[in-house]
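Visitor: Here are the chains, one letter per residue:
Number of protein chains: 4
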Amino acid sequence: MSKPLCVIIGVGPKNGAAFAARFNDAGYRIALLSRSTSFSEELASSLSDARCYVCDVSDPASVASAFSQLHADMGDVDVLIYNAGGGSWQTVEEITPDDFERSWRVNALGALVASQQIIPAMKQRGSGIIIMVGATASLRGRPKTTGFAAAKAAQRSLAQSMAKHLGPSGIHVSLLIIDGSIASAESAEAGRGERLDPRDIAELAHYLTTQPKSAWSFEVDVRPSKESW
Amino acid sequence: MSKPLCVIIGVGPKNGAAFAARFNDAGYRIALLSRSTSFSEELASSLSDARCYVCDVSDPASVASAFSQLHADMGDVDVLIYNAGGGSWQTVEEITPDDFERSWRVNALGALVASQQIIPAMKQRGSGIIIMVGATASLRGRPKTTGFAAAKAAQRSLAQSMAKHLGPSGIHVSLLIIDGSIASAESAEAGRGERLDPRDIAELAHYLTTQPKSAWSFEVDVRPSKESW
Amino acid sequence: MSKPLCVIIGVGPKNGAAFAARFNDAGYRIALLSRSTSFSEELASSLSDARCYVCDVSDPASVASAFSQLHADMGDVDVLIYNAGGGSWQTVEEITPDDFERSWRVNALGALVASQQIIPAMKQRGSGIIIMVGATASLRGRPKTTGFAAAKAAQRSLAQSMAKHLGPSGIHVSLLIIDGSIASAESAEAGRGERLDPRDIAELAHYLTTQPKSAWSFEVDVRPSKESW
Amino acid sequence: MSKPLCVIIGVGPKNGAAFAARFNDAGYRIALLSRSTSFSEELASSLSDARCYVCDVSDPASVASAFSQLHADMGDVDVLIYNAGGGSWQTVEEITPDDFERSWRVNALGALVASQQIIPAMKQRGSGIIIMVGATASLRGRPKTTGFAAAKAAQRSLAQSMAKHLGPSGIHVSLLIIDGSIASAESAEAGRGERLDPRDIAELAHYLTTQPKSAWSFEVDVRPSKESW
Numbered sequence: 014m015s016k017p018l019c020v021i022i023g024v025g026p027k028n029g030a031a032f033a034a035r036f037n038d039a040g041y042r043i044a045l046l047s048r049s050t051s052f053s054e055e056l057a058s059s060l061s062d063a064r065c066y067v068c069d070v071s072d073p074a075s076v077a078s079a080f081s082q083l084h085a086d087m088g089d090v091d092v093l094i095y096n097a098g099g100g101s102w103q104t105v106e107e108i109t110p111d112d113f114e115r116s117w118r119v120n121a122l123g124a125l126v127a128s129q130q131i132i133p134a135m136k137q138r139g140s141g142i143i144i145m146v147g148a149t150a151s152l153r154g155r156p157k158t159t160g161f162a163a164a165k166a167a168q169r170s171l172a173q174s175m176a177k178h179l180g181p182s183g184i185h186v187s188l189l190i191i192d193g194s195i196a197s198a199e200s201a202e203a204g205r206g207e208r209l210d211p212r213d214i215a216e217l218a219h220y221l222t223t224q225p226k227s228a229w230s231f232e233v234d235v236r237p238s239k240e241s242w
Numbered sequence: 014m015s016k017p018l019c020v021i022i023g024v025g026p027k028n029g030a031a032f033a034a035r036f037n038d039a040g041y042r043i044a045l046l047s048r049s050t051s052f053s054e055e056l057a058s059s060l061s062d063a064r065c066y067v068c069d070v071s072d073p074a075s076v077a078s079a080f081s082q083l084h085a086d087m088g089d090v091d092v093l094i095y096n097a098g099g100g101s102w103q104t105v106e107e108i109t110p111d112d113f114e115r116s117w118r119v120n121a122l123g124a125l126v127a128s129q130q131i132i133p134a135m136k137q138r139g140s141g142i143i144i145m146v147g148a149t150a151s152l153r154g155r156p157k158t159t160g161f162a163a164a165k166a167a168q169r170s171l172a173q174s175m176a177k178h179l180g181p182s183g184i185h186v187s188l189l190i191i192d193g194s195i196a197s198a199e200s201a202e203a204g205r206g207e208r209l210d211p212r213d214i215a216e217l218a219h220y221l222t223t224q225p226k227s228a229w230s231f232e233v234d235v236r237p238s239k240e241s242w
Numbered sequence: 014m015s016k017p018l019c020v021i022i023g024v025g026p027k028n029g030a031a032f033a034a035r036f037n038d039a040g041y042r043i044a045l046l047s048r049s050t051s052f053s054e055e056l057a058s059s060l061s062d063a064r065c066y067v068c069d070v071s072d073p074a075s076v077a078s079a080f081s082q083l084h085a086d087m088g089d090v091d092v093l094i095y096n097a098g099g100g101s102w103q104t105v106e107e108i109t110p111d112d113f114e115r116s117w118r119v120n121a122l123g124a125l126v127a128s129q130q131i132i133p134a135m136k137q138r139g140s141g142i143i144i145m146v147g148a149t150a151s152l153r154g155r156p157k158t159t160g161f162a163a164a165k166a167a168q169r170s171l172a173q174s175m176a177k178h179l180g181p182s183g184i185h186v187s188l189l190i191i192d193g194s195i196a197s198a199e200s201a202e203a204g205r206g207e208r209l210d211p212r213d214i215a216e217l218a219h220y221l222t223t224q225p226k227s228a229w230s231f232e233v234d235v236r237p238s239k240e241s242w
Numbered sequence: 014m015s016k017p018l019c020v021i022i023g024v025g026p027k028n029g030a031a032f033a034a035r036f037n038d039a040g041y042r043i044a045l046l047s048r049s050t051s052f053s054e055e056l057a058s059s060l061s062d063a064r065c066y067v068c069d070v071s072d073p074a075s076v077a078s079a080f081s082q083l084h085a086d087m088g089d090v091d092v093l094i095y096n097a098g099g100g101s102w103q104t105v106e107e108i109t110p111d112d113f114e115r116s117w118r119v120n121a122l123g124a125l126v127a128s129q130q131i132i133p134a135m136k137q138r139g140s141g142i143i144i145m146v147g148a149t150a151s152l153r154g155r156p157k158t159t160g161f162a163a164a165k166a167a168q169r170s171l172a173q174s175m176a177k178h179l180g181p182s183g184i185h186v187s188l189l190i191i192d193g194s195i196a197s198a199e200s201a202e203a204g205r206g207e208r209l210d211p212r213d214i215a216e217l218a219h220y221l222t223t224q225p226k227s228a229w230s231f232e233v234d235v236r237p238s239k240e241s242w
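Protein chains in written order, with the numbering used here: chain A, 14 to 242; chain B, 14 to 242; chain C, 14 to 242; chain D, 14 to 242.
Fair warning: there could be bad hints in the mix.
What the hints assert, rightly or not - Below, simulated DSS-like cross-link-like pairs (lysine-lysine); rule was C-alpha separation at most 27 Å, straight line: (1) A:Lys16 x A:Lys27; (2) B:Lys16 x B:Lys157; (3) B:Lys16 x B:Lys27; (4) D:Lys239 x A:Lys136; (5) D:Lys157 x B:Lys239; (6) A:Lys157 x C:Lys136; (7) C:Lys136 x B:Lys239; (8) D:Lys136 x D:Lys27.
Claimed, not checked - Quick look at which bits of chain B chain A covers, simulated, 3 or more residues with Cβ under 8 Å: (9) 88-102; (10) 116-127; (11) 172-182.
Quick caveat, the hints were computed from the structure, so don't treat them as lab data. All C-beta atoms, glycine included, are put in the ideal place defined by N, C-alpha and C.
Start from the sequences, fold in the hints, and give me the full structure.
Guide: Okay, structure coming up:
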């Protein structure tokens, strides 16, 4: 039996690398999708069975093309982690329509398009899980999160619609609400509960993939113990 | 002293017409912005002092151009009602990226761009109100609201960021959560509490414009008495 | 035709007095219910047609007794404003079970019992409105709102259950989410948008009583323009 | 080194038994607290190291007494699972103040009082976890959940206040939002994703106890894959 396949979209040295390491340890083959492969190639070399793909999540054609190649190379996807994100830190007076659109493309549109690449096969097999990485901004807007929070709110709503629609077909959709700043993996601040450790976020994501159909979680928040919230 | 100016974006025979009539009765001059003026011209003829502008809210340049002309013709805006909306009724399996984008452009991007046209003048005067028309979908996604709910969630988050940022400058931002189907203005169903009467939604919007700085409402839901929720 | 009757429970010099004055101006007879009548008697003397009743909202028997007398004296109730509230400012380590219970009795149990006194008559007539005064604590708990927030959350849930159940019978239930500190009625801070003016909160409550069955609001937040939220 | 101690309050044949079995398997000693020990004694006999205590969670003195005995017998508590719950299924017109109070005592007051018994020792050691078992009713009230939802809303708010206050002291507080009906442990319905399997809910609770301080979850929902929500 072949090893299952985990696709990670948005691969940086914190969460992305931690997701890759955790699912690698759990026996998954890993596909890393990112705008540039300069970091992902280095990360892939530390994993047992990983491949890198260039993918601009803000461009549906780029997403479709990356998944087409990935599917030809590695087959059906078992776990999709949508970790692409980010956005500008601007008030309504400062943000341009282009910045606002870019946040939405990276956080919401890309999540839709990536999911659409794998839903048909997951549905046919009656299994699979899609995990989106959200933030406290998914739940509320603040003066300087005009673009980021609006995009994360759209992503959260999308994830809800998907979870409700796909659950009965055996496809599990979850949203992580990351609350707090993320430390480097080796940081002592994480150990003291002052910042999030990306390895522990990855552990949570992996846990969600082990949930059977009789008990699925959709929305899970996560923060360091000393976070003020 | 000149009459105050109310701009209504998204002008149909239900809410749009009711907003126009209510603010006309309250002594406002009215600017009606819509993709086509076929309905708005007819509506304007029933009002004391109204002008129509063509505006495609999904296109920032069209919004900027409409407001530029409107400002030259009618001066500073006192009340902006963002009533443009709508979206397709599709699951994640059915919706195309273009449909998903169109929903977002009409419900969220257009609300940002329209607001940006008038915020500088409102800020300088230290007053003004922006009312966005949301829906129950602003609060949650359902299987067939993939595009609409994600767009309305983005709009709600945008409205929150704006309200928090602009409040201290004297600009009031509110979101109406419309829950239930809207009757024609003369429908007996509204009188029985089975459907929303657009005139009563307009009354609520007008009430919000009368709130002094000491007591502003941001989010207000509204539904017929017999709605199941 | 006799003047309608507004019952206000919880009568202090800020919100309670403002509700009384606003509904007095609108032509209502007023019943003032409070633990002691030392303030309410003085307030009543400034109103056209008001009576005072002693009522300890934490005690169901006291509530039932006050309403029984009130009904005998003044007849059926058209508007009930449940303004009793308050609670201690303590963490989970500091609060006693008795303090926790007292908060719940004043904010939640009292609201249930008072409502139950008037629902049968309102249902028979097919009209009436019950407005509960909540707070930001209705929506979330904080370290030092252990008792107050838990009680306000219970009250909010109660109000939701009531609104959904009673709406089809023509009884409107609303919850005000008061966010921010309340000034004295004449305070300049309210005029500058730094604090809430109780007269403007009362205006909002009165507005809600004017909503027809075709457009009822359940939950409405209200805060001063300069509030940070 | 002695085995850690898990206290389970509210012990029925579904969730309670599943929590006990899961923590037993993980090497915990188990204390079972319930109104009557008829079921818990039988359950305890299937566990390696378990004791039963009579505890009426609606009575603070009974809770204090049970914990006092439990502490003398078994020492400090590492994990507390507050699984006591339930309530009547009544509208605002049907529920009595006593039913309303009973729901609140079982779901909210008991959770406070039980937590207060163990917080001082947990704080001194800088570790420990308290898991409360909530429901969809924790998030909203419906016509027939007048008492249950108000009580669960109070419990949720309490859990939030506790989590925010106790986190910096090393005490983890979590709330499970159980959405859907719970099958018997061996039911085929659970395997098909039609109902919740209590063993999988227990697995989730156990997972939460393994989260390090760098990544704690507060609120986690859980439902069967085919649940309509």
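Visitor: So which of the earlier hints does this model not fit?
Guide: The structure conflicts with hints 2, 6, 8, 9, although it agrees with all the remaining ones.
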